[in-house]
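Undergrad: Chains as they are written, first to last, in the working numbering: chain A, -5 to 419; chain B, 448 to 536.
Everything labelled a hint here was simulated from the structure, so no lab data went into it.
A couple of the hints might just be wrong.
[Stated by the list, open to error] 30 Å max Cα-Cα, derived DSSO-like pairs, lysine-lysine:
(1) A:Lys370 <-> A:Lys339
(2) B:Lys530 <-> B:Lys457
(3) A:Lys216 <-> A:Lys62
(4) A:Lys47 <-> B:Lys530
(5) A:Lys156 <-> B:Lys530
(6) A:Lys47 <-> B:Lys456
(7) A:Lys318 <-> A:Lys62
(8) B:Lys499 <-> B:Lys456
(9) B:Lys456 <-> B:Lys530
Quick caveat, the model's predicted, so the values are computed rather than measured.
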Amino acid sequence: MDTSRSILHVDMNSFYASVEMAEHPELRGLPVIVGGDVESRHGIVLTASYPAKRRGVKTGSALWEARKACPDAIVVPPHYGLYQRYSRLARSIYYQYTDLVEPFGLDEAWLDVSHSAHLQGGDALLIAQEISERVLMELGVTVSVGLSWNKIFAKFGSDHDKPNGLMRITPQNAQEVVWPAPVQDLLYVGPATSRKLHHLGITTIGQLAQADEELIRRVLGKMGTVVQSFARGEDDSAVRPLDLSKHDINHEVKGVGNGITCPFDVEDERSARQVGWLMGESVAQRLRAQGLAARTIGVYGRDFKTLGTRSRQTTLARPTQLTKEICSTAAQLLVDDWDFEHGQKVRAIGVRASNLVPAATSVQLDLWGEESQRQKLLLVDNTIDDLRSRFGNHAVRRLSELSDSRLSTLDPQRDNVVHPVSFFA
Amino acid sequence: MRGIANRQKKYVEVVSDTSPEGVVTPLTIIWDTGVRYQIDRVLDRRQAHSLKTGGTGIRYTVRVGGTTTHLWFEGPRWFVEAKVASMPE
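Make a model of the complete structure from these sequences and hints.
TA: So this is what it looks like as structure tokens:
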């Protein structure tokens, strides 16, 4: 085990709420909730400030629940552009200490300063302090920093001293600091894994580290061995710098999907088809933009009452990137899957294209000349894409979308949110 | 007499100079009333957060007619921490 590395994990505390407070100082010290739009029902808490958290507001809970826990909370809609700007500015600070910066979502990053610390005096702890002070001075946002010889314990450190904390975990103090903590505090021990571990009587990280390897592997499989080595601090994964230009190209896309919580419950076949088309069209548009075609089209719907999701998918005879084929397949799947005549209603609908191949793959022609028809459709799709890229997504719209005023305000392509990349990606 | 009740973030028009190396130096601040304030000297420039009005950007500490004040460059726009006068007693 190489314990000579110096890895920092920097976590901007309650990031969205902190940025809102940095931009609007009058909100400081108040219970602030950054959450989705109540009117169109995407009502969940994205981030809550510390005063709100202390009163029981939880990230991910519904806005109405949060309002009940904390009636005087100030709810602010999210401003993603602003968060991206702060995230970029924070990263530009990190880059002044090392080129090895691995962002983990907008608000977190790992920094490997093992080989650059000597340029700043050689003490990684001082670098951690300096970064913390600079982010506060320059951006007005507090950070928590964890410092350790591996990424997992560095993250543990930043998670355990909030807000504005600094925690150093060395091979000497690790057993004292990390091992007594509950096992779910370890990165990649989620609710399911921790439940299984609890059944074995393992509740702390230390117990996991010392547990029988064979037992852990039998219960949790391959991941068990990985998680156990995390608990022992044996993670030697490198901090992988994110090269945006490279990342975008090398990143293998597995599927393209788009979903929406409708501002109304979908309760008839016609609206279901409309939403299916709307979602499908943005999926098709993105497939074409990335030069991909999909063989499998899937849909999911969320029941308005139980909030349970149901999904169906089908594989097409040949890969497609045509709006018409993707949308009609998706709409048909939706209509087949939901029994609108007997009172079923759908609250959220999504369309997903997977099993992707490059669009430039050669295709088997058929005897009936269908392919030439498809080429024409592709020409129309490309023309529409071109118009939209020049004049905006609303430049060309479908009649089904225009004839229903409830749908015309939605812009499925723009509403896409970028999710953090996986640790194992 | 009226004092300073508060500060507010105010975007202002600025005349600036950009050197071939890309160093931007603000020269004049133009208030929305049309009054022009000559910047005599730039004392400091650094990335900084505005504690009084919120926001972040490149903060220029400038000398205007004997007073030292701050001016922020926030992407394409400039802003100052404008004084909000208290209501007369």
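Undergrad: Let me make sure I understand: some of the numbered hints might not hold for this structure. Which ones are they, in numerical order?
TA: Failing hints, ascending: 1, 3, 4, 5, 7.
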